[in-house]
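Asks: So the chains spell out like this:
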Amino acid sequence: MATGRIRKSKASKRSRRSVETERARSTLYFIWRGIRNDPYGMAGALIILVLVICALFAPYIAPYDPQYADPRLRLRGPGTEGHILGLDQQGRDILSRLIYGSRYSLIAGVTPVVLGGLISIPLGTIAAYYERVGYFIMRSMDVLFAFPMVLLAITLSFFMGPGLGNLIIALVVVLIPYNTRVVYVQALAQKEQGYIEAARADATSDFKILFVEMLPHVVSASVVYSMTIVGTIVVTAAGLSFLGLGVQPPTPEWGIMTSDGRTVLHIAPHVSTLPGVAIFLMVTGFNLLGDSLRDALDPKTRLVRAGAR
Amino acid sequence: MLRFIIWRLIHVVPVLLGVSFVVFSILYLIPGDIATTLLSMFYTEERAAMLREQLGLDRPMFVQYGRWLWAALHGDLGQSLMMRMPVMTVLLDKTGNSLILTGASLLIVIPVSFLMGTASAARFRKPFDRFTVFFSLLLASMPVFWLGIALLYLFGVRIPLFPMSGMYNMANPGGILDLLHHLFLPAVTTAATSVAIVTRVTRGAMLDTLSQPYILAARSRGLPGSRVIYRHGVRNILPTFSNMIGLQIGYLFGSAIFSEIIFNWPGIGLQLYQSILHRDLTMVQGCVLAVAIIFVLGNMLADIIVYALDTTRK
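Just so you know, the sequences run in chain order D and A.
So that you can map any letter, position 309 of the first sequence is 602 in this note's numbering, and since no number is skipped, the others follow by simple counting.
So that you can map any letter, position 307 of the second sequence is 301 in this note's numbering, and since no number is skipped, the others follow by simple counting.
Next comes chain A alone, as it looks inside the complex (with noise of 0.2 Å):
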């Protein structure tokens, strides 16, 4: 176990590298000169010169790379432009928030889908089942940003339940009851694609772990069907289960994206979508890499807890 974590922590590493290599790099697919681009609208000779020092835009790339590497590493990832404050000040603000969003919309994810595709498989064919088959179709196919609008919609203007935007009332901000007021539909919104999919591949492997022979034998024992299911069947899901909640965190790091543009909660998508509007390139630079390392991490812990709820393993 310590060894597997150990070899895990060490696989990180290289790819940490390369990340901080494609993120840095990104810059250089633009045309033209570097200080101009960087600096747009805020162009000025001096100002030019000043960041052309800085980057050290005359040395060779790797140079250059190693420089900011460096910087990186030391909490400097430049300044936003468009904000005029240090890169890193506005992400450490906002990376919080996104992390309860995606946890949130994580806690939706494992039990639903859990629940429903071990017990659409249970009852397989019949209208539960069914009708589970042909939900998870209609959700898979759902652009998250239409879903998060037509939710918005619906429970923010139509019947107002849920509040439209933000993650706190302003006037009277209420601690984590106010917190998951907000945090309801846009944890839906980002949820909602990864159930899907989730709940589809559950009932699969489910439904291949009921046609076992053990099964059968457990059957004919005469156990009764729920404990056939629950505790022979479901056992023999977890690490297909877990595997596939660990392959999740991408693309709810993605539907992120969207619902907080949409629900205008504040975290790292948000920040993103404004960046790119107003052409702030370090500040659009750091929020890639922000959400890059979160997502290599997050992948790093969900191996090393698959990895322990793997029984078959010994």
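Looking at chain D on its own, in the form it has when it is part of the complex (with noise of 0.2 Å):
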């Protein structure tokens, strides 16, 4: 009985800290329990692993040299030995420059969310701060929001010209808008809350209120919002390199195999539709990863999750 009771106020005591610890604990703690406690969210996190993997090692996974073409092997599916997904129409090795290409998605997919929010989080909450700049600024974002995504980061790669970087560059001008309007909206309802006030009335620095005060809690916001649109921008950055803007041949890039298989697609399809298969496979990790750091950062759905799923 004794010891029950002891038992049972460490217990009391132990949940009692959880409740404290919840609340000090950092967002990435948050990040690893939504995770690990989401089957989808855990999928997710495997394909990019596996994906970052396959970037960062390529030379020593992939089979063949990404340019290394055997003409005598033009075409031949998968299957064929010693190329297990085929080759392509000058015999290159279809899985080598897959692998090869995982690092041209990987870094058109994650700099331009991370450029885009190192621009967004300080312009948005300039906005929301300083009624008169941000009226300004917000309606210059409507100018951006008046484009379709795609159709303004195709412009901008074309006028821009070809290459990784302007091509970078031009998904970051996409994102600015979408992630501006996130900060925006989560600066304002900060801007009311009593903490700023506090502040102003303890005459602290604009600068200050900005950037210590203000910008912490408009950071969490913009980031879930980054982690949901890696995918559409891996999506988009393939989708311009298939149009032929953005990174050219014979870079191993998917979105350019896919587009260079176009020509034989009615005699080997797997030239086309593989290295979409790469593509579509990436895009679904970062959705289903976005999706879990979502919902494990987001009070209302971990609520949602506890009760209705």
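If you are wondering where the hints come from, they were derived from the structure by calculation, not from laboratory data.
Beta carbons are placed, not taken as given, at the ideal position from N, Cα and C, and that holds for glycine.
A couple of the hints might just be wrong.
[What the hints assert, rightly or not] Reference excerpt, derived from the structure (chain D facing chain A, CB under 7 Å, subset only):
hint, residue
1, T448
2, V528
3, N580
Relying on the hints, combine the two individually framed chains into one complex.
Replies: Here's what the structure looks like:
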């Protein structure tokens, strides 16, 4: 009995502490806990992990050089000896090209999202804090919103010219209006909070209010949004290369490979469709992971999960 | 209502001005002499001189913009160098085709995602719901251009149910049925991603609604399940749903570019692609402007419809 009581009090102590630490625990903890408990999120994380390993160790994993061509085996289908996924119209090993291709898609998918976030977070916060500047900023965003996402990306990368760098810049510009609006809405809500008023009454400088007080509360919304958009950006980047913009042949990029294979679609469908499967896999991975992170970090869905789901 | 429409119409004007300025100034992103770039392989001294005169390249940028805008408002977007035709003529020719494709895919998105979303929420955690969740997850991750190629291969090459390209049968054009036959695959391709996204959102909204107390009240009063779902549930997600559809218009225009290219659909997207390949700058500019204007107007229309449908406003 006595031990039982002690145990009970210990347990209650622990549970109280866990309530306290719940608040103090970092975002990373919530992310980890959310993914760990979500099979979909776990699957997404696994897919991305495999692709990241492919990208990092491409020369060690790929059986051939991505540019090495064996013209005798041109267009042979999957299952050809030594070439599991077959060969393309120049006789290059598709599996090796796909493995190398993961590099470009990862870079083109993740970099713009990170850069876009770094620009949007201060931009959106400033827009929310200073009304006049904000009016100007948000109206400029409205103009960018007037272009469908893909169209704006096509336009920018066409006029800036080919290359991975320009592709990334184009995608950053495309992302900014969306991410800035997310930050803006969040920052507007923060602005009305008591702690901002308190800081103002305390004669804290605007700079400090913006970047020390408000920013941490705004960042998570932007991060969640960024996580869910990576998949879309991967597709858009591949789509641009598919159109002949962005990364140029003979780079083993998935969009380029899909586009190149179109000419031989009726005789060798694997050349065009396999790279598409790779894009599809990466996007699925990022989407699963993004959804899982959003659910893990959003207190509302956290409740929904506990109850309804 | 009327006030809202007028307010929304007025709101469009500055956005369109901004759009036109972006489209105009984008030419200046290109380093070097604009006349040389514009003419590229068609460059001759005399053509360049004519173009400089025509664009007023020696004037300040804002004067040039003013001239360009004035001409554009009068339907003059310059000459397409590749096609040797006014850009406007080409655009007018292609816009209708693009609208047919996007309209058709919208007509797929609306019923399919609505039915799938509400039905799967009503069968929460039943096999159909699980299937819908999984299916929309896969569909949302498919690159449009890949889906188009896969459909083209499956139903154009392997099982030739549908024609592989174009709008009409060249040898034997056959009116509306022929058009629908050609329209099916590109429209499905264009609609796919949006179907997935809207289905998921509709399902979420419906689940939210079904967990409201008034649904419980209706159920406990003994109303049959279907009546609760379709009269009390569905009505309340209409604003969310129509809003979501409005947001999809941009996606549809973006996806349409790819399916036009893959299925050789003679719309603005295909024109844009060909102009990009030939570096026909004025034509690219025109296509971008056309899609952006249609998109802005489409959004406006969607906003007005959403406003009209939203009964909670009163």
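Asks: Take the hints in turn and mark each one as holding or not.
Replies: We went through each hint and held it up to the structure:
1. T448: holds (5 Å)
2. V528: holds (5 Å)
3. N580: At about 5 Å, which falls below the 7 Å cut-off, the nearest Cβ of chain A leaves the hint on N580 of chain D intact, so it holds.
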